[in-house]
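Given the coordinates of chain A, work out where chain B should sit on it, guided by the hints.
2 protein chains.
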Amino acid sequence: MKARTRFRARPGLKLREEDAGATPLRDDGGKHPKSKEQIKAHERGLTDELTAKIALHQQMLFSQRQQKVLLVLQGMDTSGKDGTVRALFSRINPMGLRAAQFKAPSLDEAAHDFLWRIHPHVPGAGEIAIFNRSHYEDVLVPRVLKLIDAKECKRRYAHIADFERMLAETGTVIVKVFLHISKEEQRARLQARLDDPEKQWKFDENDLVQRKRWDDYQDAYERAIAATDAEHAPWYVIPADSKTHRNLLIASLLLEVMEDLALRFPDTDPRLSKLKVE
Amino acid sequence: MKARTRFRARPGLKLREEDAGATPLRDDGGKHPKSKEQIKAHERGLTDELTAKIALHQQMLFSQRQQKVLLVLQGMDTSGKDGTVRALFSRINPMGLRAAQFKAPSLDEAAHDFLWRIHPHVPGAGEIAIFNRSHYEDVLVPRVLKLIDAKECKRRYAHIADFERMLAETGTVIVKVFLHISKEEQRARLQARLDDPEKQWKFDENDLVQRKRWDDYQDAYERAIAATDAEHAPWYVIPADSKTHRNLLIASLLLEVMEDLALRFPDTDPRLSKLKVE
Chain A
1 MKARTRFRAR PGLKLREEDA GATPLRDDGG KHPKSKEQIK AHERGLTDEL
51 TAKIALHQQM LFSQRQQKVL LVLQGMDTSG KDGTVRALFS RINPMGLRAA
101 QFKAPSLDEA AHDFLWRIHP HVPGAGEIAI FNRSHYEDVL VPRVLKLIDA
151 KECKRRYAHI ADFERMLAET GTVIVKVFLH ISKEEQRARL QARLDDPEKQ
201 WKFDENDLVQ RKRWDDYQDA YERAIAATDA EHAPWYVIPA DSKTHRNLLI
251 ASLLLEVMED LALRFPDTDP RLSKLKVE
Chain B
1 MKARTRFRAR PGLKLREEDA GATPLRDDGG KHPKSKEQIK AHERGLTDEL
51 TAKIALHQQM LFSQRQQKVL LVLQGMDTSG KDGTVRALFS RINPMGLRAA
101 QFKAPSLDEA AHDFLWRIHP HVPGAGEIAI FNRSHYEDVL VPRVLKLIDA
151 KECKRRYAHI ADFERMLAET GTVIVKVFLH ISKEEQRARL QARLDDPEKQ
201 WKFDENDLVQ RKRWDDYQDA YERAIAATDA EHAPWYVIPA DSKTHRNLLI
251 ASLLLEVMED LALRFPDTDP RLSKLKVE
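Just so you know, the sequences run in chain order A and B.
Just so you know, we're using UniProt numbering here: the first sequence kicks off at 1 and counts up by one.
Just so you know, we're using UniProt numbering here: the second sequence kicks off at 1 and counts up by one.
Next comes chain A alone, as it looks inside the complex (with noise of 0.2 Å):
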């Protein structure tokens, strides 16, 4: 069953239903029980072919300069946002890359409506875009600290839901992956951050603050992803506990949102095709 049916987001989701510890695509079958170790190693090289073939379709993306992909992360607080980025688009010329990262929004930012800092990121003609956290805090952080109620969140609700109309209509495939990890591996990784003298510096106390409401988040997170998915704007539910594998699920979701977009490299001139350079 292809990515994109598998992991779309169903009517009604219940993110405590969802098993964050899924690996659907590890075939094992109990005949050649490997060690932990090599189904890692053997899932980082079927990513690496996956990757290698996005990273033909991104040229091709560039070479045409008609359509565009935004790809948005979002997630809890260790899902993996960073590491999804940095193992699938080591491959693709950074040239044709946008990576932007959204974090608590400065005094200018707060200053204006909610989608200013993220306009000017999102992708051109033959870019792909991700979007490492997005306009989706806005309905989270603010929602689950109650900052805004009910009321203004459903207004932000239809003002993404317009302005991912409006990307779309103008030639923008948009794909917003949730990174689903169980509240046991948020555990495992913030203690792991603590342990561990180079990735220390990564650890932020808030992280705490914000684990303590992990039930009010994931509720949040059904609700915008309930409000905001469409056939324009697909959301997929991805289970991210083990991270080869997470990382071959997303690729294989790009490379079949890729392997739609039927791209080919432009036609070649036959006065070009003859011409000698002096």
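Calculated from the structure, these hints are not laboratory results.
Hints may contain errors.
[Stated by the list, open to error] Examples of chain A residues toward chain B, derived with CB under 8 Å:
1. D82
2. R117
3. L190
4. L208
As the structure is a computational prediction, the values presented were derived from the model and not from experiment.
Just so you know, even glycine gets a beta-carbon here, dropped at the ideal spot from N, CA and C.
Same frame as chain A, now just chain B:
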């Protein structure tokens, strides 16, 4: 000898006296004659090792969020600016990297001073920015096409020098690279673009027009390099007829620069190191 010393632009630089085909790091000594393909594969492997080290330094740079690195790539058409970006930065987290490409200015850009479109793309604390072409275009194309006179060109050299001094004084390490190819190598590369159906889209007939002014461009480069080379914003002239050797040289150069920053991960916090996540 360090790449920083060996390839630093010398006072009185004459590009026609610099060997674009030089491969000083290619150690065959005639003892173990290898095929061209073996040499290339070997150089790719060495470059991969260096870029892995650069990636580690970049992570430390990003973790410290203090210093900034700006790599400027200039060179004639087909000199390998895009290829260099791809080869060197595929391992780096796109989140700590800004890649900016400067083409012919838009009407809006041309209506401003020539540094106006450049400034938004300089690196922030913890970032590496790569300029694929740069503010130097404005003392090359308009000078060769005689759209500006020698006096205006000199004024622009001074604007560039002031701008780069300001960047250096606010924490930016600047590395400026001229990718030096021979006129014959450019001929071969343009011809290859014409002949390959998957590359013909990259061919621009204007490249042939510019090629006719080869000597004028070389002169313009010599003058610009001489006028703007500085201890805090040095120019390097990299022989670039061999793609794999060029990548190896630039990786060596950049690693030397990063090593000199004496980067490390931030100190761990003993209080955090004892913390247990619940």
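Evaluation of the provided hints:
| no. | hint | in the structure |
| --- | --- | --- |
| 1 | D82 | holds (6 Å) |
| 2 | R117 | violated (14 Å) |
| 3 | L190 | holds (4 Å) |
| 4 | L208 | holds (7 Å) |
Checked against the numbered hints above, the structure violates only hint 2.
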